[in-house]
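Colleague: Single-letter residue listing:
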Amino acid sequence: MRAMIGEPAEMSAGSSDDAELAGDRLLLAEQIASLYPGMLRFARTIVPAALAEDVVQETWIAVLKVANTFEGRSTLRTWIYAVLRNKARQALGSETRRRTVETEEATDEGGPLAGRLHPPGHPDAGHWSVPPSARFIPEERAVTAELRHKVLEALDKLPQRQRSVVLLRDVEGFSAEEVCDLLVLDPGNQRILLHRGRAKLRAYIECYQFGRGCPDSESGSWL
Amino acid sequence: MKIADNFDAAGAAAIDCIDFLPLVDDLLEIDDEGWDAQVVRHLEECPPCRIFLEQLQDLRRMLRAQDDEALALSDPRIRTLLTQACFPRKEDPS
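Just so you know, the protein sequences line up as chains P and E, in that order. Per our numbering, the first sequence starts with residue 17, numbered consecutively. Per our numbering, the second sequence starts with residue 2, numbered consecutively.
With the Cβ distance kept under 8 Å, some of the chain E side facing chain P (calculated, not the full set): (1) Q56; (2) A71; (3) L82.
Output of the computed footprint for chain E on chain P, the stretches with three or more beta carbons under 8 Å from beta carbons of chain E: (4) 147–154; (5) 158–165; (6) 180–191; (7) 214–222.
Since the hints were made in silico from the structure, they are not lab data. Glycine included, each C-beta is placed from N, C-alpha and C at the ideal position.
One chain only, chain P, in its complex shape:
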């Protein structure tokens, strides 16, 4: 991240080398290009899609202005995502900025695995009654565009906080600790949100691909 961070303007102000300047511009362009799609996905978990582009642009403008204040206490990407989170919350307005402490209930009754295991008292209690049938991607096979599209479609339908956690952990590859910092979650809540989000996505794809474990008509969808 030399173009933004390692070499702030004042440090290289004496340089008059056009090639170096062009190199810095190219490096910065590459950094923006690589981070932009993920930032857009994250912004969409906080603000309506119509606002997300503006939020990402505003984030980059802010980041470029203050890049030389980055102290390296987190990774650069985590720092940029934290700026993005703040910009997105500002864009939502003061009503939703007011933070309420939400906790995810530990109970998971009625989730996608309800009824899939034998109940207590049954001779096979503790084991599957409706087991999963097969893996989604047979070994050595590539991920098909159709399945990936379905998964991303399902991800978009998850409740907001589950979507944010699954997106940051499983799509963007942030660690649990980074996600807790970014979303201001305690580790237990992060864990529950991730578990529930993944469980719903798994059930959705299982129903789509194998017709198994589908929700009954009353509950409609796992998402």
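Following the hints, put chain E in place on chain P, whose structure we already have.
Modeller: For chain E alone, coordinates are given in the frame of chain P:
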């Protein structure tokens, strides 16, 4: 079922599917060499739980397989941002 059936060679109590399922998220994070012996034993003996774990591994593979890896460098959004960046300017020789 004999009582001994519920214990592995090291004497640890065997786990059932209900015990196993909450562990799956953690198993995704660590290399299978680091898995607890009870977990390994359960997976050997319980194909449905193994498939369940594989489904979650596949799910994560699908989520990670993003095809919009980067914007084109010529994208107008990048050009706009580059105009905002503070690059050092050539000093005026005068």
